[in-house]
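Asker: Knowing the structure of chain A, use the given hints to seat chain B on it.
Line by line, the protein sequences are chains A and B.
To convert, note that position 11 of the first sequence is 11 in our numbering; the numbers rise steadily by one, no gaps.
To convert, note that position 121 of the second sequence is 121 in our numbering; the numbers rise steadily by one, no gaps.
Derived from the structure by calculation, the hints contain no laboratory data.
Honestly, I wouldn't trust all of these hints.
Heads up, the list lumps identical chains together, so a pair's fine if it works in one copy or across two of them.
[Claimed, not checked] In the PhoX-like style, the derived pairs of lysine-lysine whose C-alpha atoms are separated by at most 25 Å in a straight line are: (1) Lys180 to Lys288; (2) Lys2 to Lys62; (3) Lys41 to Lys97; (4) Lys62 to Lys97; (5) Lys130 to Lys150; (6) Lys62 to Lys288; (7) Lys172 to Lys277.
There are 2 protein chains.
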Amino acid sequence: MKKYCFGIDVGGTTVKCSLFLNDGTSVDKWEIKTHVEDEGKQILPDIAETVLAKIQEKGLDKGEIEGIGIGVPGPVEESGEIACAVNLHWGRKNIEKELEDMTGLRVKAGNDANVAALGEMWKGGGQGAKNLILVTLGTGVGGGIIINEKIVTGAHGAGGEIGHAPVNPEEKVPCNCGNKGCLEQYASATGIARLARKALEETDSPSALRKYPDVTAKDVFDAYKEGDELAEEVVEVFSEYIGRALAAFTCVTDPDVIVLGGGVSKAGQPLIDCVEKYYRNYAFPTCKETPIRLATLGNDAGVYGAAKLVLNK
Amino acid sequence: MKKYCFGIDVGGTTVKCSLFLNDGTSVDKWEIKTHVEDEGKQILPDIAETVLAKIQEKGLDKGEIEGIGIGVPGPVEESGEIACAVNLHWGRKNIEKELEDMTGLRVKAGNDANVAALGEMWKGGGQGAKNLILVTLGTGVGGGIIINEKIVTGAHGAGGEIGHAPVNPEEKVPCNCGNKGCLEQYASATGIARLARKALEETDSPSALRKYPDVTAKDVFDAYKEGDELAEEVVEVFSEYIGRALAAFTCVTDPDVIVLGGGVSKAGQPLIDCVEKYYRNYAFPTCKETPIRLATLGNDAGVYGAAKLVLNK
Numbered sequence: 001m002k003k004y005c006f007g008i009d010v011g012g013t014t015v016k017c018s019l020f021l022n023d024g025t026s027v028d029k030w031e032i033k034t035h036v037e038d039e040g041k042q043i044l045p046d047i048a049e050t051v052l053a054k055i056q057e058k059g060l061d062k063g064e065i066e067g068i069g070i071g072v073p074g075p076v077e078e079s080g081e082i083a084c085a086v087n088l089h090w091g092r093k094n095i096e097k098e099l100e101d102m103t104g105l106r107v108k109a110g111n112d113a114n115v116a117a118l119g120e121m122w123k124g125g126g127q128g129a130k131n132l133i134l135v136t137l138g139t140g141v142g143g144g145i146i147i148n149e150k151i152v153t154g155a156h157g158a159g160g161e162i163g164h165a166p167v168n169p170e171e172k173v174p175c176n177c178g179n180k181g182c183l184e185q186y187a188s189a190t191g192i193a194r195l196a197r198k199a200l201e202e203t204d205s206p207s208a209l210r211k212y213p214d215v216t217a218k219d220v221f222d223a224y225k226e227g228d229e230l231a232e233e234v235v236e237v238f239s240e241y242i243g244r245a246l247a248a249f250t251c252v253t254d255p256d257v258i259v260l261g262g263g264v265s266k267a268g269q270p271l272i273d274c275v276e277k278y279y280r281n282y283a284f285p286t287c288k289e290t291p292i293r294l295a296t297l298g299n300d301a302g303v304y305g306a307a308k309l310v311l312n313k
Numbered sequence: 001m002k003k004y005c006f007g008i009d010v011g012g013t014t015v016k017c018s019l020f021l022n023d024g025t026s027v028d029k030w031e032i033k034t035h036v037e038d039e040g041k042q043i044l045p046d047i048a049e050t051v052l053a054k055i056q057e058k059g060l061d062k063g064e065i066e067g068i069g070i071g072v073p074g075p076v077e078e079s080g081e082i083a084c085a086v087n088l089h090w091g092r093k094n095i096e097k098e099l100e101d102m103t104g105l106r107v108k109a110g111n112d113a114n115v116a117a118l119g120e121m122w123k124g125g126g127q128g129a130k131n132l133i134l135v136t137l138g139t140g141v142g143g144g145i146i147i148n149e150k151i152v153t154g155a156h157g158a159g160g161e162i163g164h165a166p167v168n169p170e171e172k173v174p175c176n177c178g179n180k181g182c183l184e185q186y187a188s189a190t191g192i193a194r195l196a197r198k199a200l201e202e203t204d205s206p207s208a209l210r211k212y213p214d215v216t217a218k219d220v221f222d223a224y225k226e227g228d229e230l231a232e233e234v235v236e237v238f239s240e241y242i243g244r245a246l247a248a249f250t251c252v253t254d255p256d257v258i259v260l261g262g263g264v265s266k267a268g269q270p271l272i273d274c275v276e277k278y279y280r281n282y283a284f285p286t287c288k289e290t291p292i293r294l295a296t297l298g299n300d301a302g303v304y305g306a307a308k309l310v311l312n313k
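So here's chain A without its partners, still in its complex pose (with noise of 0.2 Å):
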């Protein structure tokens, strides 16, 4: 009987590892550097090493073992290939066949933004919800669209690129797509603090942001929660940004359930409130009631996602 499963989560400075029970009990959690140089080729034999060193550390049998799933930064496709991984610095890749044959242990891969989507639904902001779009607020926009329990990857591995669309036509300066007027462009924790810049320069009226030489996103909530008028403002123009883009969303694949994460979602319920009344402004009526949640796994979305990714088949 099958009763264990490893959760990995790959980012550019660590590998974060996780190995659950099967219902998703965390048994053990670590970290391993993630070795970038020469192509990154270290990277997959350095996981196969620290998962078999764990099975050894706990007296575990292979037989035991669902499997390995892990997140990377890059789009996976459903042959378990990946195009590319910049911040790995990988090229094409097949991660399932390599990491199954250095293992011996089945691998299921997948984008970590979408992972994560995943994790959250499992066991943390969108726990019961079948459907979710989960939308991480961090130095970018990420998300990722979950439909029947599934990750939604798209032809070209691009669902889920929900910091992508395009909210504002008018905007001027390009987002790093090349695109211009990106959600990732004001509801970023860089656009926040763009948005905050640009309300200090506008205006002369007085407020708690003008002491920063380089405002950043946490101090604009930390004054909205002050009363600060102008950066109730910036926040009131950020969360029309996202209630609105969250609207043009549910209209697709109208969702139990919409989790903010990422470092931005730090701002908590305020934040939450405040997007909340955008979106049920601007919402399809029958989707008008769907609940707004804060993700809860916090940097752990990923390894809970990644070992919920094995488990589905």
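Answerer: Same frame as chain A, now just chain B:
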């Protein structure tokens, strides 16, 4: 061995019926009247009667028949129930169970717009694709989302309600759904006519469109093909709205193909060319080359999709 299936498409005026071989070959095609009086209570019995009569007429054995797929104008839940279908005067009803009881055949029900998407994927403009977005540009704007050959129904049956994606926060006039600035307000036949009336009012420039007391979407596209400048402006505005909305939808599900159907799509390739120009401008880089094609099944998309629905499981 099962060999046949029925595809039924229920509209407010007629019920379209088709008998197919399971490979999609049409064996017979007919229509009956939709009796909406008395809360439409005769609709399902009429369908059962015509299906059973056809089985007898063709000398078929029920054992040879996979079942009946049926598309209805309303949100169908996973259970086969519908909460309401305004055009059929229906309240809550379990379509699948009722029609199964009446015919002794397996029944699978779906929303008509979603079912049409499945039809276009199976035998129409999206043939060969597993992931598709259908946008139906008719009196309103409907749609259907297919992922891995399955309809995305959503938590409230609102999957594919893309006509109500918010695309213009500046809009003052309400949409039929009660919100303001929905895609349908610009990209439907009614929406295009409204854009044309607005353009005619706002300028004095000469245009062939001035001769129509009540300008229609068809008039606009006819004049566009003749090089009428004002019609060109209107088509550009319309195409920007739809191209930009498609760019947002594709970063959610990343389909293999986008299919445009409905009455407005009769404008043909010039419509595709103009929408594609804006789509490519706004789409996420890896999705820029996603093909946009014309629907090819016209009013038959519903019966094909309904048949595929019952073949799917």
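Asker: Does each hint hold? Answer for all of them.
Answerer: Okay, the hints, checked on the actual structure:
1. Lys180 to Lys288: between (28 Å within a copy, 14 Å between copies)
2. Lys2 to Lys62: Within one copy only: 9 Å inside, 43 Å across.
3. Lys41 to Lys97: within (15 Å within a copy, 57 Å between copies)
4. Lys62 to Lys97: within (17 Å within a copy, 46 Å between copies)
5. Lys130 to Lys150: Answer is both: 8 Å inside a copy and 15 Å across each meet the 25 Å cutoff.
6. Lys62 to Lys288: Answer is neither: 47 Å inside a copy and 44 Å across each miss the 25 Å cutoff.
7. Lys172 to Lys277: Answer is between; shortest inter-copy Cα gap is 19 Å, intra-copy 28 Å.
Figure legend: structure checked against the earlier numbered hints; the only hint not met is number 6.
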